[in-house]
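Student: Positions 104 to 220 (the numbering used here) are the ones given, in order, by the sequence shown.
If you are wondering where the hints come from, they were derived from the structure by calculation, not from laboratory data. Do not rely on the hints blindly, as some may be mistaken.
[As the list claims (entries may be wrong)] If you anchor each label on the Cβ, the simulated ranges turn out as follows: (1) D205 / D175: 19 to 27 Å; (2) K212 / A148: 48 to 56 Å; (3) K182 / I150: 31 to 39 Å; (4) A174 / G208: 48 to 56 Å; (5) A199 / R167: 26 to 34 Å; (6) A199 / R171: 35 to 43 Å.
Where a beta carbon is used, it is the ideal one built from N, C-alpha and C, also for glycine.
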Amino acid sequence: MGGRSRSGPDSGMEGGQRRPRREKGGRMSDNNDGFKTFLAFLAGATIGAVFGALFAPKSGKEIRDDVREFADKLAGEAKAEYEKMSEKAKEMGDKAKRTADDAKGRFRKGGEEEPTA
Numbered sequence: 104m105g106g107r108s109r110s111g112p113d114s115g116m117e118g119g120q121r122r123p124r125r126e127k128g129g130r131m132s133d134n135n136d137g138f139k140t141f142l143a144f145l146a147g148a149t150i151g152a153v154f155g156a157l158f159a160p161k162s163g164k165e166i167r168d169d170v171r172e173f174a175d176k177l178a179g180e181a182k183a184e185y186e187k188m189s190e191k192a193k194e195m196g197d198k199a200k201r202t203a204d205d206a207k208g209r210f211r212k213g214g215e216e217e218p219t220a
């Protein structure tokens, strides 16, 4: 019985019912898939670059130039991924704030929902 139960007396859910999925893309833990993929790419590219440099029949200057070029490319990709993740985090924060404000408004009105036009 080591796992967490999704249903039970404290969950607010009946027997085999599941909670509805979040609006865009499932659970919060699913949002890390892009970042995990990027880290896997980064690790693979780094390992490949190291082995390529070790076994390449190039001069030291050529290898240094290749490494510098690779590092610049990798830095650009990392910056782009950071900006993408930052924007996604900002959107999630904004959505959470709107949801909290909405819940606070409903709580103050005694749980009554406003009619929609």
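Student: For every hint, state whether the structure bears it out.
Tutor: Status of each hint after checking the structure:
Take D205 and D175: their Cβ atoms lie about 45 Å apart, and the range 19 to 27 Å is violated. The given range of 48 to 56 Å is respected by K212 and A148, whose C-beta atoms sit roughly 54 Å from each other. For K182 paired with I150, a C-beta distance near 21 Å fails the hint of 31 to 39 Å. A174 and G208 have their C-beta atoms about 51 Å apart, which keeps the hinted 48 to 56 Å range intact.
Separation of A199 from R167 is about 47 Å and departs from the stated range, judged on CB atoms against 26 to 34 Å. Range check, A199 to R171: about 42 Å between beta-carbon atoms, so the 35 to 43 Å window is met.
When each numbered hint is compared with the structure, violations occur for hints 1, 3, 5.
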